[in-house]
Structure formats: C-alpha cells, structure tokens
Amino acid sequence: MTTSWLVRRLIYAAITLVVISMIVFSLVRLTGDPVLLFLPQDASQEDINRVRRQFGFEDPLSQQYRRFLVSALRGDFGVSIKFQEPVLDVVTRRVPATLQLASAAMLLTLAVALPAGIVSALRRNSMIDRLTMLVVVLGQSMPSYWLGVMLILLVSVQWRLLPAFGYGTLAHLVLPTLTLSAFFIARIARLTRSGMLAVLKSDYIRTAEAKGLSATSVVLKHALKNAGLPIVTIVGIEFGTLLGGTVITETIFAWPGLGRLAVDAIYGRDYPVVQTIVLLVSAIFVTLNLVVDVLYHWIDPRIELA
Amino acid sequence: MSLTLSLAVLVTTLVVVAGIAAPAVVSYDPLEQNIIDRLQPPMFMPGGSSAHILGTDHLGRDVLARLVYGARIALAVGGLAVAVSALLGLVIALVGGYYGGAADALLMRLLDIQLSMPFMLLALAIVGIYGPSLGNIIIVLTITGWVVYARVVRAEVLSLRSREFVVACRSLGGSDVRIIVRHLLPNVVPSLVILAALEIGRMMLLESALSFLGLGIRPPNPSWGSMLADGRAYVASAWWLSTCPGLAVSFTVLSLNIIADRLRDALDSSLEV
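Chains W and A supply the protein sequences, listed in that same order.
The first sequence maps to residues 1 to 306 in my numbering.
The second sequence maps to residues 1001 to 1273 in my numbering.
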C-alpha cells in the first residue's frame, strides 16, 4: 500500500462527503421558500419572519452553505424544531438502539449465511443447497415490512410468544432482528455460495486435491481463505446498508432508533433532524467503504492500486 | 421449460393482464367505500361471502379489486422507473465509456458518491420535502436505478471499444455515432435486458416500501404497500388485509426474479449483479 494511494483515497472520501453535504443542504432549499418547510402550515407572518431571521435564509446561498458546513464541522447541526434542543443531542440519543439492532442483524446474518453458503457450494444440488437457494430467492423477493407484519401476526398475536413492539429486553430484539436480516441473509448466502463455487473451480484447488490433502484442509486452508476476502468486503459495505435499512424495521416495531426518528422527522417537517441523519449515515457509509478498501489492500496487495 | 419457470411466467402474465385489464377483471370500484360491509372476511372463511372473494377493508372497499388496481400501479411505477433509469444509465455508459476522459471520470465519481448515500433515507427526505406524487416517486427510483445500468454497461463498453470490429469500423471511416449505435449498442442489449428484468422487481419493492411508509402513492389510490400499511392496524382482527397485498408483492417479485435469473443463464451467465 503506497502512501500516495492512501492520500488519494482519503481525498476522494473527503470530496464525497462535501458533495453529499451540498446535496443535503440544497434539498431543503430548492423548494422555493424553505421557511414554509420549517413551519406548520398555519404559521403566522410573524413566525415566518422570525424563522427566516433565525436560520439566516435571507443571506446568499453560498454564505448559508459556508455557515452550514462550518457549524456542522464543529458538531453544531442546528436546533430540532420539534424537540427544541440541539439536533446532535436528539440524534445521538437514538444511535444506541439502531446500533444494537444492526449489530444483532449482522451477527445473525453471518451466523446463518456463511455456513449455508459454504455448505451449499460444497454439496451442490443437495437438499441443503436447494433449501439455501429457496431461502435466497424468497428473502430477496419478500418485502421486509411484510415479513415484519407477518411475524407480528403469527408470533405475537396468534401464538403470544414475543412482544410485538417496544425496546429494552432480548425478547424485544428477536422479531426486528429477523425482519432486518432476512434480505441480507439471502444476499450474503448467495454471494458466499457463488464465491466458493468460483474458487473451487480454480487450479490451486485441483492441485491441492491432487496432492492428496484432506477435504477439510482443502476447504478450510485453500478455498475459504481465498473466497473469504471478497465476502468480508461485501459484509463491511452491507453493514452500512443495514444501518440505512433500519428505517422500515424500526417503523414496524416502534423501535426507538435513527430510522424511526428520520421517518417521524419527515412527517413532522423537522428538517434539521432529517438533514443530520442523512449526513451522519452517509458519513458512516463513506468511512466504512474507506476502511474496507484500506483493509483489502493491506490483506491482499495484489489488487490494482487504482 | 421447467415447472418453476412456467409458474413464474404464469404469475407474471396474470399480474400484467390483471393490471392492464383491471376494470374487466373486477366489478368493484377500488375506491368505493361501503361502511356497512366493512371488514368482511374472505369467501373461504366463516362469515365470508362470494360477493367479496378476498373480503373488504376497514372502509368496506373490496380487497380483490384494490389488489388488481394495485397491480396496475405497481407495474406502471416499476416499468416507468426501469425504463427511465435504463435509458439514462445506458446513455451515460455508452458516451462516457466510449469517449472516456474528464466527463467519464466525473460521472464515475458521481456514481461512487451516489452509492455512498443511504438510499432509503434520501428517498424519504426527497419525497417528504417535494410531496409524494407519481413523478417524484419515479425520480427517486431513477436516482437509485441508473447506477446499476451505468456501471455494468460502461464496463462492457470499455472492453468492446478496442475490439476488432470497432477498430475496423473506425478505420473504414465510420463515425463515432455509427460505432456507438450500430456496434456498441447491440452488444450491450443482452445485459441491459437482464438488468431491467432484475430491476423491475426491486423497483416494485421500493415503491411498495415507500407507500408502506406513507410516502409513496397517495391514498385512496390502491398501492400494495399502502394497503398493507392500512391493514397493519387490523392485524389481530382482519389478518387478510395485511396478508393479501404482501402475498401479491412477494409472488410478483419472486416470479420476476426467477424469470430474470433464467434469462441471465440463457443470455450471459457471467453477469454478476
């Protein structure tokens, strides 16, 4: 890994974040009069003028953006209209719940998808392979919100096994985790399977087998090591997608995380909060991509230093 | 043709025909409310009647009629979103991939930036700010859709542009437009078809998810996603309200995915999406 590559990669990440901040900034301001977005529809002229002064909407756009960027870098994302407290406080309060849900879903995904993908590649066309592929196809076709509602219908309403809503105990975590991870289990299992299949066809596997190595050694030492790297990359990037995907799951299960806060903020026209969440999750995305990229180059230096 | 594929084609055909010929398929108006007949169970349940095969919702509207008209909306949104994003992605990939240079580099940076934004949040913010209209939904879906086509087609153009038939055409005095339209375009069509088939299911899922969150197709218009959201409040007493639209989305998307998968095997098995 060369330093110049790393520097260039860092600059790209920074540019990406700046462009995203511009997009987020302009979204609210392209509607004509942004003041109307920040206020309820029956706001008085006095309120409108007050908000316009408070948010500095009368200044030129470039000046407004500079102010937005400078305060954002200082951790000041404005004041939530609904909660009347700094947006950063409102948002960070919700981070643990989302992190808990996303981590649980990621763990479940890895625990199910990796073994399923590996075994179905090794035993192609077996019952396990067919079952895995069925789950893969179903998981990618079923809307997660429907899965969530069906789980509530069967597990909570019909069988009364687990709570349908709420947050706090392990029992509350089960259904949201299942709902959130279904799609990712399907995706990772599919990629693991096709990655393993591709590696198993390669020359060095044939050589290893010809040398008379045991099947376990061939699979664990030769195949998995090589198929594993792209999978790790995808898992890293998918964790970011998982964070964004909590919007629907959190809405269904009344989970007090970032996704639900975002939806509530959109309904309640609390745009400083919306802006901050989009920006925050994008920043996590970009950072994850960067970390995964750097790790990838560090583990496997063969990869072209583009 | 295998049984799975036959079933997938059958389901897709049924959904398309039902969507197009909706008024001929069901006799009820999907918007007509009838409070007296509200929350009637489906025909096969105790208390159900053949008047409402899949029962009625909380406003007494016929569930089957809403499902069938919902198919029309799902197909229209999915189809339009795929068409617009495929066209946009194709043009960007052909022009960028063929000419290369600064414009191409810029477009690829744009693609990277696009991929590092959380789509669902961005979509919600855009629809929330600009209002949930059909046009805005198509725009939002195109924002996430074009990337898929642009990336795959551009990679193919990059490998095609130095191939013998392209070089031969250029040395015979063929113009850039001729090369792009007559030589590059026909060679990327198979990938484009596979991607479009895969994407239409994804677009339908996204539209229904937006509608489920109340930021998609506006009520009272029947979208499968908003029907499910309405049915959620009655999940304990009227399970069919949330089950039926979910089954409709799942089976339609499942069938489309199966067809797309087989199409990929038949046309080009190397394409990984």
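In short, the hints are calculated from the structure, not lab data.
Errors might be hidden in some of the hints.
Listed below are several chain A residues computed to face chain W (Cβ distance under 8 Å; list not exhaustive) [what the hints assert, rightly or not]:
#1 GLY1060
#2 MET1120
#3 LEU1121
Derived DEER-like restraints, expressed as beta-carbon distance ranges [stated by the list, open to error]:
#4 W:LEU134 x A:VAL1009: 16 to 22 Å
#5 A:ARG1151 x W:ASP300: 19 to 25 Å
#6 W:THR3 x A:ALA1102: 24 to 30 Å
#7 W:LEU138 x A:GLY1135: 28 to 34 Å
#8 A:ARG1151 x W:PRO96: 48 to 54 Å
On a predicted model such as this, the values are computed, not experimentally measured, just so you know.
Just so you know, even glycine gets a beta-carbon here, dropped at the ideal spot from N, CA and C.
Hints versus structure:
1. The restraint placing GLY1060 (chain A) at the interface with chain W is violated, with a minimum CB-CB distance near 22 Å, outside the 8 Å limit.
2. Because the smallest distance between the Cβ of MET1120 (chain A) and any Cβ of chain W comes to about 5 Å, under 8 Å, the interface hint for this residue holds.
3. The restraint placing LEU1121 (chain A) at the interface with chain W holds, with a minimum CB-CB distance near 5 Å, inside the 8 Å limit.
4. At roughly 19 Å, the beta-carbon separation of LEU134 (chain W) and VAL1009 (chain A) lies within the given 16 to 22 Å, and the hint holds.
5. Hint check: ARG1151 (chain A) to ASP300 (chain W), Cβ distance near 22 Å, so the stated range 19 to 25 Å holds.
6. For THR3 (chain W) and ALA1102 (chain A), the Cβ-Cβ distance of about 26 Å falls inside the hinted range of 24 to 30 Å, so the restraint holds.
7. Between LEU138 (chain W) and GLY1135 (chain A) the CB atoms are about 33 Å apart, so this pair conforms to the stated range of 28 to 34 Å.
8. A hinted range of 48 to 54 Å is violated for the C-beta pair ARG1151 (chain A) and PRO96 (chain W), which are about 35 Å apart.
Comparing the model with each earlier hint shows violations of hints 1, 8; every other hint is respected.
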